[in-house]
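Asks: Okay, here's what each chain looks like letter by letter:
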Amino acid sequence: MEFLDIEKDTLKFGFIKLTDCAPIVIAKEKGYFDDEGLNVNVEAQANWKELLNRVINGDLDGAHMLAGQPIGATVGFGSQADIVTAYSLDYNGNGITVSNDIWAKMKPDVPKGSDGKPIHPIKADALKPIVDEAKTAGNKLKMGMVFPVSTHNYEIRYWLAASGINPGFYFDPATKQVDVPGFLNGDVELSVTPPPQMPSVLEAGTICAYCVGEPWNQQAVFKKIGVPVTTNYDIWKNNPEKVFGVSKEWAEKNPNTWLAVTKALIRAGKWLDASLDNRKEAAKILSQPNYVGAPYEVIANSMTGTFEFEVGDKRPMPDFNVFFRYNASYPFYSDCIWFLTQMVRWGQIPEQKADDWYHEMAKNIYRPDVYERAAKMLVAEGKAETSDFPFGTDGYRAPSTDFIDGNSYDGRQPVDYVNSFSIGLK
Amino acid sequence: MNSTTASSPTTVEGLHPAKKRFTYNPNQVAHTLDKLGLGYFSPIARLIGRDEPSKQVKAITQNTLLPVLAFIIVLLAWQYCAGTVKTDSQKIPSPAETWVAWKDMLAFSAAEKSKEKDYYQSLNERVANYKTMAFQARDSGNLSRAESIEKRISKENAKVYQGTTTFFDQIGISILTIAVGFLIATLIAVPLGILCGLSPLVNTALNPLIQLFKPVSPLAWFPIVFVFTTWGIDQPPAASIWQRALFTSAGVVTLCSLWPTLVNTAVGVAAIDKDHLNVAKALKLGWFKRIWKIVLPSSLPLIFTGLRVSIGVGWMVLVAADMMSQNQGLGKFVWDMYQNGDTASTAQIIIAVLFIGAIGFMLDRIMLVFQRLVTYEEQSI
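In the order they appear, the protein sequences are chains A and B.
No gaps in the numbering here: position 110 of the first sequence is 109 in numbering that gives the first Met the number 0, and each next residue is one more.
No gaps in the numbering here: position 280 of the second sequence is 279 in numbering that gives the first Met the number 0, and each next residue is one more.
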């Protein structure tokens, strides 16, 4: 094995209490960080804003981040700071849960199979009449998501827009009006709610639906206060969810350390997808109070191959969390570009951009070169196979139509993609 | 034994060393206990000295039974709430569930300590392995590789286990933070208060600012203090206890808790008997001697009253500040448990509430002792 000259070996990483912090936790608990010569402390943070601030100011060396955070920060939506990533923590892992009342109104319109159970994926079509009714009554439906540049925000907007519901805009090019909460001209109101408060806020009726990661959808089922209707796996099969983000300054000062961290994370991701037993062990570790802290059963419900929708309607969903399969940990440029297109679509980035801008931004923020170096070292040490990694890719996934509305996404043609939506700024 | 001398009957020179009769003065002991803030024990001290025994027994019974009764009533009310106050998504844990959560917290802390042992054990195994590899590298003449391995070995040996911060660690860090915040607050408030008290001009200048900033909530100060600590403090090593977040919390504590001390000091200094100040003028005392010998001693009672209020405010503010700054204190514990969202987590929050209250009580008592030591009149509490 190669002994990297680590610049900084005592590190502190931040995370938010969601199950997809797993690779970071497993890399610590299984000693993968120790094998690389690193001494890592993993500390829960209060919320996404605080986490981002502490990575920017250096209190945290790196963190579990929403895939949109490095992008939003570099672009300058919110506080501007150069954040980069070399490792995608996972794909999928979110769900959209609606309140019992809304589900009762939706269910009759949802197509059912021969067994009487709703056919999945459930589109927002059944929700549209309820949204329109509320809007006419002057009381727009309120929904929750996790952070303005979160995958959850873009996913629930995608889901709503795919059925003709306008989720609201951050910018109106006609009037040049900027709306920080993103409600402009919307049929519904999407606002930020902290994940731990989502079940109680849903129960209180302040919001009628939310999009969040686990364990908060399964918690809603366990406590019988809501029904998950779809997962982001259904909205976009194998979509990028969280990344391991570091500040560009830190990455430039500590390149060998960053490489070592990436090596440890790759090993952790590989371990997580290696077997069902590993997933169960991971769920047990995550249920500790200093990690995610939810009961083991709730975490295992979504991490061990299944997902529960209505109470008792547990369906097999082995890809609800994907940590390593399908090259989920590789930081593809096309993943970064998708978020940029959605930021433009909803007006968080008020100007329309040319193709070149997207490609250049992606090259600044996503660093597959670091990932590939780390992967090669692991192959040389016998800890991974060459076939585990997409060596030789140009960083763009093949065009895909695996979206809930069947729309085709080609990362090489971002402007065409932005213009392909009926609801969205062009 | 008969003694022919008129000296104390217990002294027989040459045979026994001089002994004084031990006289137990219950009044003295009781007063000392009162002064130390241990007033609960003064009837017991009097009882030992057989000073009005029936009155003492009555006092002890009252002082013990009444609070215990109130405590039992609260416990019953809690049990009732646990059964009634519940929604689908949340409930209040019962006293029994809270007790179980307490035992779990202790078990978790113990498990973390054993993890530390395991860490060093696997570290030593790893280092032993590396040593072998280094020898092999030297043997085969690969000096650069041997050097890089040896560099890694020395780094590994320097490692200090970074474990999960347990509840008990967090108590320690909370106390450290309030000590820092309170110290800075006192160092700002007392001199400023003396200045305001001595000079009506300074008082007129500062008074609007004081009134403006006094009511501001810690949650509002936090983002501003965060900018200061990020700018002013260099990034400490990750394993150090002096993290920036600690100073952010301490800064917020300072900004919220300096006002009672400041105002009380100003009032205390302004209320000094004019005669004392005239003596200072007559003796042509320098400003330092004037403050040290005359101003401070006469305004000490009010200063300490202010300090006592300040530490109470500071402790309350600290919990809120920790939640925002992520300082590893009790506030962070509460927020982390809240994010866990389990009933067991709510039970742990209740335990944190009890500890926060107990520590706040203890801090107040300590300040009370100091306050009594410098005051001449009897205090009512």
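Rather than coming from a laboratory, the hints here were simulated on the basis of the structure.
Be aware that one or more of the hints could be misleading.
As the list claims (entries may be wrong) - Taking lysine-lysine pairs in the DSSO-like style, the calculated list, with each CA pair at most 30 Å apart, reads:
hint: 1; chain 1: A; residue 1: 283; chain 2: B; residue 2: 85
hint: 2; chain 1: A; residue 1: 252; chain 2: B; residue 2: 158
hint: 3; chain 1: A; residue 1: 279; chain 2: B; residue 2: 112
hint: 4; chain 1: A; residue 1: 104; chain 2: A; residue 2: 247
hint: 5; chain 1: B; residue 1: 154; chain 2: A; residue 2: 222
hint: 6; chain 1: B; residue 1: 130; chain 2: A; residue 2: 382
hint: 7; chain 1: B; residue 1: 158; chain 2: A; residue 2: 247
hint: 8; chain 1: B; residue 1: 116; chain 2: A; residue 2: 7
hint: 9; chain 1: B; residue 1: 154; chain 2: A; residue 2: 11
hint: 10; chain 1: B; residue 1: 273; chain 2: A; residue 2: 104
hint: 11; chain 1: B; residue 1: 102; chain 2: A; residue 2: 29
hint: 12; chain 1: B; residue 1: 154; chain 2: A; residue 2: 375
Asks: Does each hint fit the structure? Answer for all of them.
Replies: These are the hints, each one checked on the structure:
1. A/283 <-> B/85: holds, 28 Å
2. A/252 <-> B/158: holds, 21 Å
3. A/279 <-> B/112: holds, 25 Å
4. A/104 <-> A/247: violated, 48 Å
5. B/154 <-> A/222: violated, 49 Å
6. B/130 <-> A/382: holds, 21 Å
7. B/158 <-> A/247: holds, 26 Å
8. B/116 <-> A/7: holds, 24 Å
9. B/154 <-> A/11: With Cα atoms ~17 Å apart, residue 154 of chain B and residue 11 of chain A stay inside 30 Å; holds.
10. B/273 <-> A/104: With Cα atoms ~80 Å apart, residue 273 of chain B and residue 104 of chain A exceed 30 Å; violated.
11. B/102 <-> A/29: Roughly 27 Å separates the two Cα atoms, so the pair holds.
12. B/154 <-> A/375: holds, 25 Å
In the structure shown, a violation is registered for the earlier hints numbered 4, 5 and 10, in ascending order.
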